[in-house]
Structure formats: C-alpha cells, structure tokens
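A.B. asks: Here the protein sequences line up with chains A and B, keeping their order. In terms of our numbering, the first sequence has 14 at position 5, counting the first letter as 1, and numbering is strictly consecutive. In terms of our numbering, the second sequence has 1077 at position 4, counting the first letter as 1, and numbering is strictly consecutive.
In short, the hints are calculated from the structure, not lab data. The structure displayed is predicted, hence computed values, not measured ones. Heads up, some of the hints might be wrong.
What the hints assert, rightly or not - With a cut-off of at most 25 Å between alpha-carbon atoms, the simulated SDA-like pairs for lysine to any residue come out as follows:
#1 K134(A) to N1132(B)
#2 K1219(B) to G1194(B)
#3 K1083(B) to S167(A)
#4 K1131(B) to S167(A)
#5 K1083(B) to S140(A)
#6 K1131(B) to S95(A)
#7 K1083(B) to G137(A)
#8 K134(A) to L159(A)
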Amino acid sequence: MDPILELRGVTKHYEGFSLRDVSFSLPRGYVCGLIGPNGAGKTTIVKLILGLAHVSSGQLRVCGEDPATAEIAVKDRIGFVHEVPSFYDHISVEALASIVRPFYSRWDQPLFDALAREFELPTRKWFGSLSRGTRTKAALALALAHHAELLVLDEPTSGLDPVFRRELLERLVAYVADGQASVLFSTHITSDLDRMADYITFIRDGRLVFSSTREEVFDRWVVVRGDPGVLDEATRSLFAGVEVGAHAFTGLTDDAPRARKHMAGRDIVIEPATLDDIMCYTGRTC
Amino acid sequence: MLNLFIKDIKVGAIFLWAVVPLYVVTALQVSRVGAGFFWVNVTCASLLLVAVSMLDWKNEAEPFVLSLPVTRAMVVRARYLTAVVVGLLSLVIGLAIGAARGISLVMRAEPWPRWMAGDVGLAFVLVFAFIASVYLPCYYRWGFGKGNVAAALVLAAAGIATDIVGPAMPGAASAPGGGPFYEGVPRGQVTQGVARLADRYGMAAAGLIVLGLAAVLLWVSAQVAARACRRQEF
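Using the sequences and the hints, build the whole thing.
C.D. replies: Spelled out as structure tokens, the structure:
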C-alpha cells in the first residue's frame, strides 16, 4: 500500500533558512512524531504538506497524490491542528462548524456534535473568548469530524492541561488503529511521543537527521556518560554530540554496539537515549 | 467558490449589522446636500470591502482558509464575488435612500434630483469596480497593511489624473465647471463621462458599455490577484 505521506528530496528555500533534501515516508495506520528544536524546519514541513508554502525542489505526495496538482482532493483528506488555532474570533464554534462543513466531502455532523460534547466545547461562545486549550480542542473536533486520512498536528499539546493531553494522545492512537488513517505530530515536547509514536523523524537546521521506527531509534541511540579522561579523538568520533563537564562527559551515539565495543572495560555508563537526549546532544561539540 | 463566498458573508455579517445602519443614517443626512451623496456611497462600499479583508488579516485566518479543500484561485474569485455583492448592496441602499429623498422633494413641489438617475448609478458601478480592481490585487500581493497603502496611492493618483487629464480630452471642453448639462451630476470625470455617454447613446447602450467595462476590469484584476495569491507563502 502507498504511504499516506511521502517526501523525497524536498527542499524549501527561505531567506536565511533552508529545508534541504528531506526524505521520509509515513505508512497508513501509524503515528509519526516530527521532532526538532525551534527553527529546525518542522513547521515548514507542515506548511508544505498543507500547501501554505511551495516546494522549491523534490517531490511531496499525500495520499498518493501530488498536492500541487490535486490540491482539493488532497486537502479534503487532511485534518490540521495548529499550535495556536486561528479562526475568526467573532464567530462561535457552532457557526465555525457550519462554515467548515460544506467544504468537506466526508463531514460527519453527528461525529462533530459528539466530539463537541465529549470535549465540553462551549459551542455558542465566540471563538476568540475561548482559552488556548479549548481552541485546540475545537480545532481537533473540526479536524476529526471529516474523517481525515492524515491528521497533521503542529505542536498541539502545548496549551493543554495534562488530563486532556493524555486523552488526546490516547485518542490519536485509537484514531490510527483501523489502519486507514495516520498522524503526523510535530512537537518539541518529546515525552508526548515516547509511548505513542510509531515513527520518529528528527529534523535539525533544516536537514533530516533520521527517520526510523521508534524501536530502531531506541535500539540505536544511546547516551554514554563517564570521566572526561577517557575522551580522546577516536572516542569523540563515536559521538553525534558530546558535552564535557568538569567531572563527567555525556556523549550521544547512534551506534550503540560500536560504542559498547570501543569503550569496553572503561569506567562508563551506557543508557538508552531519550528523544530529549537526542534533540539536546546532537551536534553538540563542547 | 460558493462556499467561500458564503464564508465571507457569514464572517462579514458583523459589519453589515454594525456599519450599514450607520451608513444609512450618514447617507440620509448627506443626501440633503445632493451630489456628494454619490461619493459617500462609493466610500462606504469600499470600506465594507476593506473590512472583509481586514477580518482575515486581523484573525490571521489565511492559513485556516487555505487549509480547507480549496485552491488559491477559488479564494480570490470568491472575494471578487463578495466585492460584487458588496457593491450591489451599497447600490441598492444608495438607490433606496436617493429615491426616498427624491420623493420627499417632489412632494414639496421641488424637481426630482439630477443625481438620482440611471447614469449616476452606472457611474457608481464603474467607480466601485475600478476601486475593487485596484484594491484586491494589492491586498493579495502585499497583504493588508502594505496592500492598503499601495491601493490608496494608486487610487489617489488615478483620481488626481482623471481630474487633470479629463478636462483636456477632446470633446470635454464644456465638462469642467459643469455647465447646464452637468448640473447636479456628482463631481468627477467618470460620473460626468458616463452621463455624457448616456446622453449620447441612450441609457441601455451606456449600461451595456459600463457593465462590460466593469466586468473586464474585474476579470483582468482577478487574474492578477490570483497570480499574486499563488506566489504568497503563509
């Protein structure tokens, strides 16, 4: 089956920033966490998928189609939740749903009503009067109510309370369970992805660092801690990033077996890396 | 496109409730002094058009609109349709107020006002089509802030140019300063030009010419605006 999202050598140039040669794909039925520090290029990827920005070169396919030539068909199958959902502040959630409804071929009003009840949305209140978390819930209800095949979420959890945040993550896992839909979840709160993401795509400085299954990531990437005295040039070359303190160093490597072999017998500790570790230490050379 | 137009109307309805009553009261007062009423109508219609675009800008709603299953060309075309409807709405309000003023004058045994006539209505269509044709491409090319400045500069330059160039055109010798033919016609080369056109070829022919010209203006402008919008990144 075709992947629901596929980027091949996608490049996007802005003044002062470029997304370069990014390739990854997302099969149907999975959640992909798109991680990276601020300014890495996550939002640029989201904008390219949604057609809000144009690809400079490379190929982007959504649901097997090129968004540039099948724009309406592609967008009909995408649900989008922005970090700070912006609609019209003087429109109620109910009115907003009535505006959005006719655009989607598979809009499901009973589902929207059920989601609004479940999320306890004040549907008659103006959108502008809602808290950030409630806005996100409203945006999520709109995105889910048209049976999107690809849900694109750009930092959706940053304004949510812990209870709803957990519910949201569970809902997303359930959403992809039938194997028909997928979720691209852009975030820098990596703890959201630790349990739910099937794939992790890591972007840094506009370049793809890796895109792998979560198991591969946690198998390959380890953190090595030890006395700075054991660091020599050969040891340093093992690490994708290393931070040296007064009494200890912390190194990150994506080749756990090689690190274990090379540093056998030395006074070091090797631990599985968290996504935070990978984001923080990659590229660090001090 | 129709759904986008309905979206514009639903979102812009707040202005209809807030602005239209104010517009009616102002227009009623201005209609006492005659021909200036025409330009109040044109200004109110233009402000309504700007207000609809302002709502997108103020709410940062473009990414939301463009993430819906629509193309950018559809978004632009829908906004032109909104402009046409805003223009027609303003024309209807203007005609209603003008007619009310005319009837009140006739009831006092005074003549029907010259500015309440078909040729002035046609001039309104042409002037508003020109304003929309300048404003919307500027908005889609430069956004709300810079776009408004650019459009205002172009429209001001066009207004000054017609006032300077118009009287110098062949056959326009009697135009400046009015004279009996232009008495009561709202000031401006376009209004007086349409009045002369209607006088020379009849109202039906003038109507066809003016509506055709307005349609061409809007069509060409929509192509330019769609191209500008396609290049935008959000």
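A.B. asks: Each hint needs a verdict: does it hold in this structure or not?
C.D. replies: Structure-based check of each hint:
no., hint, result
1, K134(A) to N1132(B), "holds (16 Å)"
2, K1219(B) to G1194(B), "violated (31 Å)"
3, K1083(B) to S167(A), "violated (31 Å)"
4, K1131(B) to S167(A), "holds (23 Å)"
5, K1083(B) to S140(A), "holds (23 Å)"
6, K1131(B) to S95(A), "holds (10 Å)"
7, K1083(B) to G137(A), "holds (16 Å)"
8, K134(A) to L159(A), "violated (29 Å)"
Against the hints set out earlier in the document, violations occur for numbers 2, 3, 8.
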